[in-house]
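J.: Below, each chain spelled out in residue letters.
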Amino acid sequence: MPIMSYIEAVTAALREEMERDEKVFLLGEDVGKKGGVFKATQGLYEQFGEERVIDAPLAESAIAGVGIGAAMYGMRPVCEIQFADFIMPAVNQIISEAAKIRYRSNNDWNCPITIRAPFGGGVHGALYHSQSVEAVFANQPGLKIVIPSTPYDVKGLLKAAIRDDDPVLFFEHKRAYRLIKGEVPADDYVLPIGKADVKLEGDDITVITYGLCVHFALQAAERLEKDGISVHLLDLRTVYPLDQEAIIEAASKTGKVLLVTEDNKEGSVMSEVSAIIAEHCLFDLDAPIKRLAGPDVPAMPFAPTMEKFFMMNAEKIEKAMRELAEF
Amino acid sequence: MPIMSYIEAVTAALREEMERDEKVFLLGEDVGKKGGVFKATQGLYEQFGEERVIDAPLAESAIAGVGIGAAMYGMRPVCEIQFADFIMPAVNQIISEAAKIRYRSNNDWNCPITIRAPFGGGVHGALYHSQSVEAVFANQPGLKIVIPSTPYDVKGLLKAAIRDDDPVLFFEHKRAYRLIKGEVPADDYVLPIGKADVKLEGDDITVITYGLCVHFALQAAERLEKDGISVHLLDLRTVYPLDQEAIIEAASKTGKVLLVTEDNKEGSVMSEVSAIIAEHCLFDLDAPIKRLAGPDVPAMPFAPTMEKFFMMNAEKIEKAMRELAEF
Amino acid sequence: MPKNRHQSLGLTDQDVLNMYETMLLARKVDERMWLLNRAGKIPFVISCQGHEGAQVGAAFALDKTKDYILPYYRDVGVVLHFGMTVKELMLSAFAKAEDPNSGGRQMPGHFGQKKNRIVTGSSPVTTQVPHAAGIALAGKIDKKDFVTFVSFGEGSSNQGDFHEGANFAGVHKLPVILMCENNQYAISVPIQKQLACEKVSDRAAGYGMHGVTVDGNDPLEVYKVVKEARERAVRGEGPTLVETLVHRLTPHSSDDDDRSYRTKEEIEEAKKKDPIYTFASYLKEIGLLTEELEQNMQTKIASIIDEATDYAENAPYAAPEHALKHVYGN
Amino acid sequence: MPKNRHQSLGLTDQDVLNMYETMLLARKVDERMWLLNRAGKIPFVISCQGHEGAQVGAAFALDKTKDYILPYYRDVGVVLHFGMTVKELMLSAFAKAEDPNSGGRQMPGHFGQKKNRIVTGSSPVTTQVPHAAGIALAGKIDKKDFVTFVSFGEGSSNQGDFHEGANFAGVHKLPVILMCENNQYAISVPIQKQLACEKVSDRAAGYGMHGVTVDGNDPLEVYKVVKEARERAVRGEGPTLVETLVHRLTPHSSDDDDRSYRTKEEIEEAKKKDPIYTFASYLKEIGLLTEELEQNMQTKIASIIDEATDYAENAPYAAPEHALKHVYGN
Ligand SMILES: Cc1ncc(C[n+]2csc(CCOP(=O)(O)OP(=O)(O)O)c2C)c(N)n1
Ligand SMILES: Cc1ncc(C[n+]2csc(CCOP(=O)(O)OP(=O)(O)O)c2C)c(N)n1
Ligand SMILES: [Mg+2]
Ligand SMILES: [Mg+2]
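Protein chains in written order, with full-length UniProt numbering: chain A, 1 to 327; chain B, 1 to 327; chain C, 1 to 330; chain D, 1 to 330.
Next comes chain A alone, as it looks inside the complex (with noise of 0.2 Å):
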């Protein structure tokens, strides 16, 4: 199987779906001839023209509504949004609009977009190139969002949110790009979206998380092993909605939780797999329900210091493991 970095899926799954159905096509800000600031459109606009690979202007709330327009016409429009800190001019159309397309016309109306955006820290980005943004969707019934860790997860969950008949945020980890690489399997594929994964099977402690952090928590998971602790890792994938039973499974499993994620503590999809936990099996716990997240401030800092501090990585997530373990 060919080895391809996470970014390199992301164009493979686009290139594949385009193929595959006319339906599909690309708008974003610089898309096109420049095949996007990461290069995830890379060939595309060369391979699809001009008329299926869009420069759009400037105008994040056009990129989003105008793929929803596209999309309740039956199109399949996958917009890209540059950072995902650039999607919040984009809110009311995802929300007010695409989230309730299908509820509000009583299933009349449906729309099947998927919007694109590199999300997350450590990339010296600053405040506003460093997000996670999921949470400020996690909330809205009629969106689901996906948020994949491997390359082989991002071809197979991306090729689903472009075949969803509803509309789906798909959020990469831009630091993951070039730095995850792992084996893609040349032919189609789809995996199924709210759909979580087990990593590793594990009788010790269970780590929850997803997104980059998932291969911080298997760095970390090694070192533990060489001590003789054992840990269950589960990857959501899918943040919203979440896939209760392999929550309340893994939670189970070894009756001591901790959540990861690289956004802000406060507020994160993590209080909702909390939640769900502390509903459901709560009984099965000997250990208090650990989140290790960023700290509650607005976002990541430029300055290394303070990004670092900020960041998520396998230490902190070791070091609260350990704790876990010993509780």
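It is worth saying that the hints were derived from the structure and are not from the lab. C-beta atoms are modelled at their ideal positions from N, C-alpha and C, and glycine is treated no differently. Hints may be right or wrong, so weigh each one.
[Unchecked claim] Counterexamples of contact, computed for chain B against chain D with all Cβ distances above 12 Å:
| id | residue |
| --- | --- |
| 1 | 45 |
| 2 | 68 |
| 3 | 92 |
[Stated by the list, open to error] Sample of chain D residues lacking proximity to chain C, with all beta carbon distances greater than 10 Å (derived):
| id | residue |
| --- | --- |
| 4 | 158 |
| 5 | 203 |
| 6 | 207 |
| 7 | 231 |
| 8 | 260 |
| 9 | 267 |
| 10 | 283 |
[Claimed, not checked] Just a few of them, taken from the derived set where beta-carbon distance is under 7 Å, the chain D residues facing chain A:
| id | residue |
| --- | --- |
| 11 | 43 |
| 12 | 105 |
| 13 | 124 |
| 14 | 155 |
| 15 | 187 |
| 16 | 324 |
Place chains B, C and D with the ligands on chain A using the hints.
T.: What follows is chains B, C and D with the ligands alone, placed relative to chain A:
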């Protein structure tokens, strides 16, 4: 002490603050000559003139953004978003700007803006005039979100919001406007933002909620009391950042916790309340942390059948309370 | 003998009579809704009264067999022409399960009916402008020759989404007709506090599109400019911003009392230009609309509305648990 | 003898020399930052190169003792005139604790310094336009006579916030100067894919404001129109939209490679109109800028920049835990 309705307390707080401080002014759609679509600003245009009670063009991002500019200058703008549902176009200004101004400027600038909006359902408002939107903002450090339940709290907290040196979102339950009445001192007082309020002291179960649901919970508690079940009721009042101490204390008190919100269940502010409890007082619990919330559908429908199905009320809370008490 | 003004526009006598009948139907439906509201039978009305000339003039200039429309809440006249029935409007007003717009989920005025290419709308104003651009873009990619028609109030033209949607349509020369129904008020706020430009159509230049302002009380004027806009659109010459000057003859909605912000005289003045009366006068003057014909129309319309009202009033609500349905497909 | 063009604008010989020196200083600071970036010493640069004429021309037309400015990321020339020092710019580039803009929290180009009325800015483009209207409104309520100056790129003028902010300023006739630095690109996207209007200033009419387009390579032209705009503003005649035509002489930022979307020839062509050279030529032609003077300026600037760089490079970062500070006041 005079008896006032919830909305009269809003008007009183605005009037008194405008009389006290020339820097306070109002900006919003129809807040001037008409006195607001709910009449929250009635009489203020006549009293303070069109320069301090400004009928804004129909553009929420400008209402927030102009307010933010004025606040950075040193004014104390109170912006009205006509319905909380229409705050979505202003999300970028609120999250990217207001919330981050102090932090990003390393304390050089600050943004003492208050944004008021009527929210919530039960008024035949349908999908777009009934929403609870607090969860969209309840993970944005730099913001404070206040949701008062009584006229007394309205006055004291709205004054506190206006005097606060940071941005405050102030959500008023529109069903409470004329339904809820209570004593309000005629003199000047402020209540602390960030502090929850124990509404009932009790020993059997703990109920934590906010806004209109506080009243439903009070009614339900009264009925339970007749059966000898004593309810400890905490009104959050500030839903972001949460009053952790008060939450932990209230939960520990009885060990049986019911969290109530009118918002959709997944990802509401109650998830965070649950997570705080599960993190800090797990071993004091005698029952799973139960959440009672709106269903996970986009918003409250117009038809009375479906609206009632969605909307919180005393009966639903009473039922959940009894179940918990019997656990 | 007064001048025949419709022939040169390519409209037959029957066409203009149909236009009038549609206008009258819209007006009468609206009036009935106010009665129902005041009688406590329906919770909410938002009116087309005063806008019917602009709405019906525009709608008739479109191709109702293929164009997509993205109307706003006042556009009863537009959706009637595009195939929504009075019964369906009443089902929506009563919030009944059979309402094709939303199954009783949305307030009346939130139109949507896929089979007639009436695109589902929401309450936040002007979000539909980018949608209109998106559907036009999709049609272009899909090599179809329809146009999209999107309408909104003048106050709403201050929203960012108007700007972003219009700009997108302009840059991509999309077949979009943007129609502003300028009634000089956004609820209580008069136009001078909403816009500083003289005409809303002054905004067209900023999007490289054609802009035009017409008397919205005259359906023929509106027909003419919308028809031209449609032709331009189909020829690939891009979008047009049409501003129609109308009057809102009612309060903003059934929840509003407009006495606090405008005078009786102002409304009386506006009523003199009421498109229903002025267009009827024209049709009478040129001898098309006879007493008898008008009487027949009135009778027919009254019975349609009566029947629709009865049906809707007696129709069932959706079951409570229906609230859980259709969040996601499959 | 070539014509003296600055006298009639009320600019002294010393003024124009100061303008030139500020432009040169901006250019040299920017050039140094690229060197530092390419040497791996600073993570990011976003450039003023090619925009200095417009920036300095505009800045000099303002009253730096009382006006508020809301610059965008390229506006090194504007903030230098308003009192931000080279040392401070370098502290920001190195993300050091002493950076007055953000204490090292924001990327360079995110200006903010309260004592000089440089209003803190963010990355999402054009959010500052409503802020400029808000500060102007506050000044009006507070009975002050300053103006606010806000700048942005032409691509950014497609954002909803531009529209909403401009409209608010227009309706309230606020003393706001909106300046677009039109360099024909938004990162890689050329102007034809951004706007369909011929000139960005065509948008002014839609806000009932005066609009004007000038050659941004000529600081005197820009000075003139911004000065006039300021006078109009102070007279209560409302906002002005000034479009300056400039060229971006570098890639979008240090993260961009512009070879994939524009030709070398295009940049060569633009360099011929480089405001630094064309303005220097003017000053030389009229005999103001001598070899010697220019040499002195260069030397002085080089030493300022050297010193600032050294200082900033050696200055400490904020402590890690400083990340927790200043989320809320008190
Ligand atoms: C984003 C948003 N803000 C506020 C409202 C509340 N609202 C409904 S209609 C309206 C006035 C609209 O005025 P205009 O655009 O002129 O249309 P008209 O009603 O006059 O036809 C307002 C403020 C809304 N629906 N959406
Ligand atoms: C809301 C938002 N979307 C996207 C970006 C990313 N971005 C930064 S600069 C830029 C292009 C700006 O172009 P223009 O306005 O013409 O200014 P210029 O850089 O050419 O001076 C883009 C897309 C952003 N900063 N903010
Ligand atoms: Mg209007
Ligand atoms: Mg540009």
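J.: Taking 12 Å as the cut and beta carbons as the points, is residue 68(B) off the interface with chain D?
T.: Given a closest Cβ separation of 6 Å, the condition is violated.
J.: Checking the smallest CB distance to chain D, is residue 92(B) really beyond 12 Å?
T.: At about 6 Å from chain D, residue 92(B) fails to clear the 12 Å cut-off, so the statement is violated.
J.: Mind verifying the non-interface call on residue 283(D)? Its CB should be farther than 10 Å from each CB in chain C.
T.: Check passes; 37 Å lies beyond 10 Å.
J.: Is it correct that the beta-carbon of residue 45(B) has no partner in chain D closer than or equal to 12 Å?
T.: About 15 Å separates residue 45(B) from the closest Cβ of chain D, which puts it past 12 Å; holds.
J.: So is residue 207(D) really clear of chain C, every C-beta pair being over 10 Å apart?
T.: violated, 6 Å
J.: Does residue 267(D) sit more than 10 Å from chain C, CB to CB?
T.: holds, 24 Å
J.: If I take the minimum Cβ distance from residue 260(D) to any residue of chain C, is it greater than 10 Å?
T.: For residue 260(D), whose nearest Cβ neighbour in chain C is about 21 Å away, the distance exceeds 10 Å, so it holds.
J.: Once the shortest beta carbon distance from residue 324(D) to chain A is found, is it less than 7 Å?
T.: Interface hint status for residue 324(D): holds (6 Å vs cutoff 7 Å).
J.: Examine each Cβ of chain C, and state whether all of them lie more than 10 Å from the Cβ of residue 158(D).
T.: violated, 5 Å
J.: So, residue 155(D) near chain A? Judge it on the closest CB pair being under 7 Å.
T.: holds, 4 Å
J.: Take a quick look at residue 231(D) and tell me if its Cβ sits farther than 10 Å from every Cβ on chain C, holds or violated.
T.: It holds; residue 231(D) is separated from chain C by about 19 Å at its closest Cβ, greater than 10 Å.
J.: Does residue 43(D) pass the interface hint, meaning its C-beta sits closer than 7 Å to a C-beta of chain A?
T.: Holds - the Cβ of residue 43(D) comes within 7 Å of chain A, reaching about 4 Å at its closest.
Hint violations for this structure: numbers 2, 3, 4, 5, 6, all remaining hints satisfied.
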